[in-house]
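Colleague: Here is how the chains run, residue by residue.
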Amino acid sequence: MTLVSERSTRVQDFLRRPSEHAHDADPIQIEDLTVHFNDVLALDHVTFSLPGGLRTAVIGPNGAGKTTLFNIIAGTLAPGSGIVRIYGEKPRGHVCIAHVPQRSRVDWDFPASVADVVMMGRVRKIGLFRLPSRADWGYVHEAMQRVGVNDLQNRQIGDLSGGQQQRVFLAQALAQEAEIVLMDEPLTGLDLPSQEAIFNILEDLKSNGTTVMVATHDISMAAERFDHVLLLNHRLIASGPPAEALRPEMLLEGFGGHVHVLPGDVADILVTDDCCGGGE
Amino acid sequence: MKKYTSIVLNTVFLFVLAACSAAPTTASSSIQLPNEPAYVSSIAGLEAADLNGRRLRVVATTNLVGDLLSQVGGEAIELTTLLPTNADPHSYTPTPQDLRAVAEADVIMVSGFGLEEGLGETLDSVGGDVPIISLSEGIRPRAFSFEIAHDEAHDADHADDLHDEHDEAHDADHADDHHDEHDEAHEAEDHQHAHEGVDPHVWFDPANIERWGANAAAALSQLDPDQAEVFEANHAAYSRELDALDAWITEQVNRVPADARRLVTDHGAFGYFADRYGFDVIGAVIPAYSTTASSSPQDLTMLLEAIETYDVQAVFVGVSVNPTMAERVAEDSGVALIPLYTGSLSDPSGPASTYLALMRYNVSAIVNGLWGER
Amino acid sequence: MAGILALLVEPFQYPFMLRALYAALIVGVATPVLGTYVVLRGMAFFGDALAHIILPGVVIAFLLGWPLVVGALAVGITAALLIGAISKHTDIKEDAAIGVVFAGAFALGVALISTQRSYAVDLAHILFGDVLGVSTADLWLMAGIAAVVLITIFAFYKEFLVLSFDPHLAATLRLPVGFLQNLLLVLLAAVLVLSIQAVGVALVLAMLVTPASTAYLLTRRLPVMMLYSAGMGVLSAVIGLLISFYWNVASGPAIVLVETAIFALVFVLAPGRGWLARWQTSREQRSASSYR
Chain X
64 MTLVSERSTR VQDFLRRPSE HAHDADPIQI EDLTVHFNDV LALDHVTFSL PGGLRTAVIG
124 PNGAGKTTLF NIIAGTLAPG SGIVRIYGEK PRGHVCIAHV PQRSRVDWDF PASVADVVMM
184 GRVRKIGLFR LPSRADWGYV HEAMQRVGVN DLQNRQIGDL SGGQQQRVFL AQALAQEAEI
244 VLMDEPLTGL DLPSQEAIFN ILEDLKSNGT TVMVATHDIS MAAERFDHVL LLNHRLIASG
304 PPAEALRPEM LLEGFGGHVH VLPGDVADIL VTDDCCGGGE
Chain B
331 MKKYTSIVLN TVFLFVLAAC SAAPTTASSS IQLPNEPAYV SSIAGLEAAD LNGRRLRVVA
391 TTNLVGDLLS QVGGEAIELT TLLPTNADPH SYTPTPQDLR AVAEADVIMV SGFGLEEGLG
451 ETLDSVGGDV PIISLSEGIR PRAFSFEIAH DEAHDADHAD DLHDEHDEAH DADHADDHHD
511 EHDEAHEAED HQHAHEGVDP HVWFDPANIE RWGANAAAAL SQLDPDQAEV FEANHAAYSR
571 ELDALDAWIT EQVNRVPADA RRLVTDHGAF GYFADRYGFD VIGAVIPAYS TTASSSPQDL
631 TMLLEAIETY DVQAVFVGVS VNPTMAERVA EDSGVALIPL YTGSLSDPSG PASTYLALMR
691 YNVSAIVNGL WGER
Chain L
339 MAGILALLVE PFQYPFMLRA LYAALIVGVA TPVLGTYVVL RGMAFFGDAL AHIILPGVVI
399 AFLLGWPLVV GALAVGITAA LLIGAISKHT DIKEDAAIGV VFAGAFALGV ALISTQRSYA
459 VDLAHILFGD VLGVSTADLW LMAGIAAVVL ITIFAFYKEF LVLSFDPHLA ATLRLPVGFL
519 QNLLLVLLAA VLVLSIQAVG VALVLAMLVT PASTAYLLTR RLPVMMLYSA GMGVLSAVIG
579 LLISFYWNVA SGPAIVLVET AIFALVFVLA PGRGWLARWQ TSREQRSASS YR
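Chains as they are written, first to last, in the numbering used here: chain X, 64 to 343; chain B, 331 to 704; chain L, 339 to 630.
Hints are not guaranteed to be accurate.
Here are the computed distance ranges between Cβ atoms for each label pair [said to hold, decoys possible]:
no.: 1; chain 1: L; residue 1: Gly482; chain 2: X; residue 2: Gly151; range: 45 to 55 Å
no.: 2; chain 1: B; residue 1: Ile337; chain 2: L; residue 2: Leu401; range: 23 to 33 Å
no.: 3; chain 1: X; residue 1: Pro81; chain 2: L; residue 2: Gly482; range: 31 to 41 Å
no.: 4; chain 1: X; residue 1: Glu240; chain 2: L; residue 2: Arg611; range: 32 to 42 Å
Partial list, derived from the structure: chain L residues whose beta carbon lies under 7 Å from chain X [claimed, not checked]:
no.: 5; residue: Ala493
no.: 6; residue: Lys496
no.: 7; residue: Leu511
no.: 8; residue: Arg559
no.: 9; residue: Met563
Hints were generated in silico from the structure; no laboratory data involved.
We put the beta carbon where it would ideally sit given N, CA and C, even for glycine.
Chain X on its own, in the form it takes in the complex:
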């Protein structure tokens, strides 16, 4: 019953046409972003810019501000200070950003089928007082097809496996025609085949030019599978290709006491002592 965020969408925003995408603007452009939560500094003068089509991993310990950053980008949280631009415009004017929540945050008991959840992505496209059209169903079916949940379309979302659940939300993002997809710890608790399936979809998204940002704990996976890494611990510690951003000294700075370097024969081994928590 409480308002879900610091700023809920206002009726004017709802009625206004979605913002145009400025031609040569980066999809995500953040400058000096600072956010406070009850006197706690969640994000501290964060600055970075992401060109289109990039697959970015956002790495950091629990409570580092990853989810806060995603909320800012998605437009569901207002920045304290700083500039946030999506394709040159403020986030709240856009309807093309998808924010896939952590699986633990979803109400899986809600009476909805896979198709129902995917169709939710199109609620703005369908428009007020209208029922979904044939075209809308087309988008939904195509989305379900692309992520491979088509034969699950009438299944209750609570009856799905972890991997299937994640894919449903990706389908929702596709149905939404999202150009930016933000994912919060999508691979936690998934077995390897399921993780592979997700990555295949991310490949598919990339080939469409969709910008993807994934918050994760898994440093080695980030190093292998992502084009770009943001190392975040309230401050932006590093932003760059994995080889650059994930150097040991960067990690030490980013993870503070959570990381230990063990010198080894072949290479130094990095050990983190917090893993797979609930995220913030």
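Starting from the known structure of chain X, arrange chains B and L on it as the hints suggest.
Modeller: What follows is chains B and L alone, placed relative to chain X:
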């Protein structure tokens, strides 16, 4: 825990609503009067109050009691009446100011036969040693259960039998016989709709008010012997007015033929009037002696049938009672809804500001309602 | 068979029973449908609180001669905003904030009633309903309100769906979350005003929550859940009134008892999700594993 809060709040509230006060009563008099709650003492047991020159402080519950006491006591007493006009005596809850007057009173006078319901218990516990007197002491109470005329409704032949039986009932000695005959006739029937209790609405028979006057004069005289002559004189004067009233009522009532004297009321308030003046109470929206009861669907269906069978012209409803159900009944059966003053006098500027005015108003309304200008 | 049919139909030849039936049907359709949202979003306590909060609104409206719905809505919305403000600006959690406003408002209503020395506002009827005393004019108003509620739910169906599933998703998709929450609140206040007439403040929670909870045991498709809720509401209304008529039980409580009985029945017997089914499944699982 959330839902428990709700349950607890509702339960607590229900207790407050249902029992104005469940406080234990203090033992007042040794003699238990018939048909009266335990807190009522007898007039005979009253002792003279220690007044030291001040006037006797009398608290009356209903304003009918207050009206009577102002007639008999006049300026010689300091009278406080608890119920304001238009309040319902069955469900009245006293205010702190009321209770202050009660605590300081020399005597509390109630209408009697349990009319005051929950209020009486409160008066007893707040009043402490103050004697509580029932003005209805010595009055013979009416029948013990209220039934809507129904068996006869299904058989038109019985309509005359009922009428004959009622003629006999006008003689007070036969009141019990009448009741017994009814009981036997209905014994085989299912009595789910019968409502129990003594009928406390004694004031609709002026003879009972005469008795009230006598009781009041006796009680006041014992409490304040110096003023005894004043009280007696007032009582005598008022008796003459009551006689005149009785004569007038009889004259009015005789304009209505015997078979048209049928009353449908909102609750069982007119029993004594019916007995005295030859009326038949066909039924009531709430077939009980208290307005705090509610109408069940069975009660309502029987009432509607009775109205139709007896070709009733009007439903009479007390002005201090919620008229919603009575309105529905009147609308559904196409009869008129006529307001009467049942439990309470009207405002001083209204048509029923004294007992005499109230009876005149009610009788005119009844006679006109049943028989019009004919 | 004809005898049973006659028994079922007989009470409703009386106009007051027929009106009671219409009132109960109107309430039995509109309230459970809105109740599905209440159940899915965990708003049961809030719904009960709102019913009590509405009391002073109804009393004040009555004393001022305004339509009761206006008073109810005005107070209901004010209270909801107040609750939101309390939980937003202090550390007090939402359920306590609700409790504060709930009890205070209800006390205000009762206090106001106690100042009225006549029957003017009949507290017993407000608490327990007065379905037998419903007039034809009342019925038209109730039908109108119910129609508006149902049409609104239908019109904003997909928006309410997203909002109920995940308010954060709704915000991300740029739905007007604040407006929709408030709209839902207004609809809730409206059905409460309807239901108070039939079953009273004390029991209105049942109309809101019980049929919808029963439906939830039977289906996991939202439109079907709404249909089942309305169906249970209607069934309970009819059976409850029949019981009230033949056994001389107060109508409001009779309807609620039937709803509760139906819930109990479904709880035990529902295929798949019912208690009996789960017990059987676990038995089969245990006996299967014992063969290893």
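Colleague: All hints, please: hold or fail.
Modeller: Here is how each hint holds up against the structure:
1. Between glycine 482 of chain L and glycine 151 of chain X the Cβ separation comes to about 49 Å, which falls inside the hinted range of 45 to 55 Å.
2. Against the hinted window of 23 to 33 Å, the Cβ-Cβ separation of isoleucine 337 of chain B and leucine 401 of chain L comes to about 29 Å, which satisfies the hint.
3. Taking the beta carbon of each, proline 81 of chain X and glycine 482 of chain L are about 37 Å apart, inside 31 to 41 Å as hinted.
4. Taken as a hint, the range 32 to 42 Å holds for the pair glutamate 240 of chain X and arginine 611 of chain L, whose Cβ atoms sit roughly 36 Å apart.
5. Because the beta carbon of alanine 493 of chain L sits about 5 Å from the nearest beta carbon in chain X, less than 7 Å, this interface hint is met.
6. Taking 7 Å as the C-beta cut-off, the interface hint given for lysine 496 of chain L holds, the closest approach to chain X being about 5 Å.
7. About 6 Å separates the beta-carbon of leucine 511 of chain L from the nearest beta-carbon of chain X, less than 7 Å, and the hint is met.
8. Proximity of arginine 559 of chain L to chain X holds as hinted, the smallest CB-CB distance being about 6 Å (cut-off 7 Å).
9. The restraint placing methionine 563 of chain L at the interface with chain X holds, with a minimum CB-CB distance near 6 Å, inside the 7 Å limit.
Figure legend: structure checked against the earlier numbered hints; every hint is met.
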